Amino acid sequence: MSGSRPGRPPVTFTASRGKGDMDGAPEASRRRAALMAAAQLGDAQSYGDLLNDVGPMVFAFLRRRVRDADDCQDAYQDVLLALHRARHTYDPHRPLEPWLFAIARYVLSARERSARRAFDVALAEPPEPAVAADGDTRVRLEQAVRDLPRAQREAMVLLYVDGLPLEAAAERAGTTTGALKVRAHRAYRALRRLLTV
Amino acid sequence: MRLPSAHDSIVARLVADVRPVRRLWPPVVRLAVWVVIAATVLVLAARVSLRGDVAGALGSPRYVLELGLLAGAAAAAAAAALLAAIPGRDPRPVAAAAALLAALSATTFLVEPAAPGATWFAGFRCAACIPMFGLVPWLALIAAVARGAPLDARGAGAYVGAAAFLIGAAAVRLACPVDDGHHLLVWHVLPVVAWTGISVLATATWLARRAVAPGPARS
Numbered sequence: 366m367s368g369s370r371p372g373r374p375p376v377t378f379t380a381s382r383g384k385g386d387m388d389g390a391p392e393a394s395r396r397r398a399a400l401m402a403a404a405q406l407g408d409a410q411s412y413g414d415l416l417n418d419v420g421p422m423v424f425a426f427l428r429r430r431v432r433d434a435d436d437c438q439d440a441y442q443d444v445l446l447a448l449h450r451a452r453h454t455y456d457p458h459r460p461l462e463p464w465l466f467a468i469a470r471y472v473l474s475a476r477e478r479s480a481r482r483a484f485d486v487a488l489a490e491p492p493e494p495a496v497a498a499d500g501d502t503r504v505r506l507e508q509a510v511r512d513l514p515r516a517q518r519e520a521m522v523l524l525y526v527d528g529l530p531l532e533a534a535a536e537r538a539g540t541t542t543g544a545l546k547v548r549a550h551r552a553y554r555a556l557r558r559l560l561t562v
Numbered sequence: 162m163r164l165p166s167a168h169d170s171i172v173a174r175l176v177a178d179v180r181p182v183r184r185l186w187p188p189v190v191r192l193a194v195w196v197v198i199a200a201t202v203l204v205l206a207a208r209v210s211l212r213g214d215v216a217g218a219l220g221s222p223r224y225v226l227e228l229g230l231l232a233g234a235a236a237a238a239a240a241a242a243l244l245a246a247i248p249g250r251d252p253r254p255v256a257a258a259a260a261l262l263a264a265l266s267a268t269t270f271l272v273e274p275a276a277p278g279a280t281w282f283a284g285f286r287c288a289a290c291i292p293m294f295g296l297v298p299w300l301a302l303i304a305a306v307a308r309g310a311p312l313d314a315r316g317a318g319a320y321v322g323a324a325a326f327l328i329g330a331a332a333v334r335l336a337c338p339v340d341d342g343h344h345l346l347v348w349h350v351l352p353v354v355a356w357t358g359i360s361v362l363a364t365a366t367w368l369a370r371r372a373v374a375p376g377p378a379r380s
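Chains as they are written, first to last, in our numbering: chain A, 366 to 562; chain B, 162 to 380.
Extracted from the complex, chain A is given alone in its bound form (with noise of 0.2 Å):
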C-alpha cells in the first residue's frame, strides 16, 4: 500500500507554494499536503500513502486518550471514516495536521457523547420482566459477561449485579462517573451483540 507504483508521476511538493502558511512548514508535513492534494483530485496511490503514513500519528493521538484498546480501535477506525467524508473540506494550502486533529478530536467527543447519552437512556428504560433463561442462554450470557474486558466486567457487575448507584461504583471501580458511564454502556453493547448473534 505505501510503495510507490512504478510508471506513476510521484507527487510534487508544490500544493503551498506562493500562499505562506505552508512556509517553513517541515518536509513531512508539506509531503502530506501534497498527498491529500492528489487524493482530492481521486489519486488512489496517494491516498493509500497518506492514510499509511498519518495512521501511526492518529493512533499514537488516541492511544493517549482512550484506554480501552477495543475502544482505541473503533475510534481509529472513526477517525479515518470521518477523515475519508470530510477530505473535500481540506485546504492544500494549509498543514494537513491542525485539521487531520480536529477530525481525531470531534470523533473522540461525538463518540463520548453518544455513550454517555446512550447510557443514561438505558437507566431510565424500566427493567425488563424477568425471564427465565434456558441452559443455553444462560451459558452463552455467563460466557459473554467472562470475555468482557476488565474495566467492562467490573463496570457491569457493580451497576446491574450489585445494584450500586453511580457514584458509589464510581468511586468504587476508582474512576469519574462519566467513565464509568462510558464502560457500562460499551458492556451493554457488546452484551447485546454476543446475546443476539
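Keep in mind that the hints were calculated from the coordinates and are not lab data.
Please read all numbers here as calculations on a predicted model, not as lab measurements.
Don't be surprised by glycine CBs; every beta carbon is placed ideally from N, CA and C.
Take these hints with a grain of salt, some might be off.
[Said to hold, decoys possible] Among chain B residues calculated to face chain A with C-beta under 10 Å, some are:
no., residue
1, Ser-166
2, His-168
3, Leu-175
4, Pro-187
5, Pro-188
6, Leu-228
7, Arg-250
8, Arg-253
9, Leu-271
10, Val-272
Dock chain B against chain A, hints included.
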C-alpha cells in the same frame, strides 16, 4: 508504533472508494458570494422602504454607522459560520468581532432620541419583517455550511442565524420609518436574538445528522 489490526482493511476500503472531490472554495470567496446575496436583500429593502427619506437618511452619519455596524456584524458572523464548517479553523476570533459589532450597533440604538410613530403595529411589522428579509441569506449560508464539515453544529447554527438575521435587521432598518430608540431595541434587536436562538435549534439538529463521525450509538 503498532497499528490496529483493522488498519490495512480499512485503508483498502477507503482507497477503493476514493473519487475526485470538489474542494470547498476558500472562505473569503464563499463569504464574498454570501455578501452579494446579502447586499441584494439590502438593495431590495431600500427599494420597498416605507420611509420616504432613505436617500436623505443615508446622509446622516449616525444612520450610516448603524447600518454599517449591522452589516459588518452580519458579515463577521457569516465568516465565522464558514470557518466553523472547516475542521481545524477557529471561528471564535471572528465570532467575537461579530459580537462586538452587534453590541456597538445595539448601543447606537440606545442613544437614538425618542421619535413619533413607534406603535405596537409598527413593532410587530418590524419583528415579522426581520425573518422575511433574513430567510434567503439564512438558506444560502446553511447550504454553504452544510457543504463543509461543521464539527460544532450548535456554534455553526448560532453564527448562521446571527449573520442572516442581522442582515434582516439591517434591511428592516432601511425599510422602517421609525427612528425611536426603544422601538429599535425592542422590535429590531430582540427578534434577532430570538431568531438566532431558533436557528441554533433548527440548524444544529440538521447539521448533527450530517456529522462526519457517526459515534458508537449509530455505528
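Structure-based check of all given hints:
Taking 10 Å as the C-beta contact cut-off toward chain A, the hint placing B:Ser-166 at the interface holds, the least distance being around 7 Å. Using the Cβ-Cβ criterion of 10 Å, the hint placing B:His-168 at the interface with chain A is satisfied: the shortest such distance is roughly 6 Å. With 10 Å as the threshold, the beta carbon of B:Leu-175 comes within range of chain A, its nearest partner Cβ sitting at about 5 Å, so the hint holds. The interface hint given for B:Pro-187 is met, as the beta carbon of that residue sits about 7 Å from the closest beta carbon of chain A, less than 10 Å.
The beta carbon of B:Pro-188 is positioned within 10 Å of a beta carbon in chain A (closest approach about 9 Å), and the interface hint is therefore held. Here the hint on B:Leu-228 is broken, as its CB sits about 33 Å from the closest CB of chain A, past 10 Å. Hint on B:Arg-250 holds. Least Cβ distance to chain A is approximately 8 Å, under the 10 Å limit. Interface restraint check for B:Arg-253: the shortest CB-CB distance to chain A comes to about 13 Å, outside 10 Å, so the restraint is violated.
A cut of 10 Å between beta carbons decides the hint on B:Leu-271: the least distance to chain A is about 39 Å, and the hint is violated. Checking B:Val-272 against chain A by beta carbon gives a least distance of about 42 Å; that is not within 10 Å, so the hint is violated.
Against the hints set out earlier in the document, violations occur for numbers 6, 8, 9 and 10.
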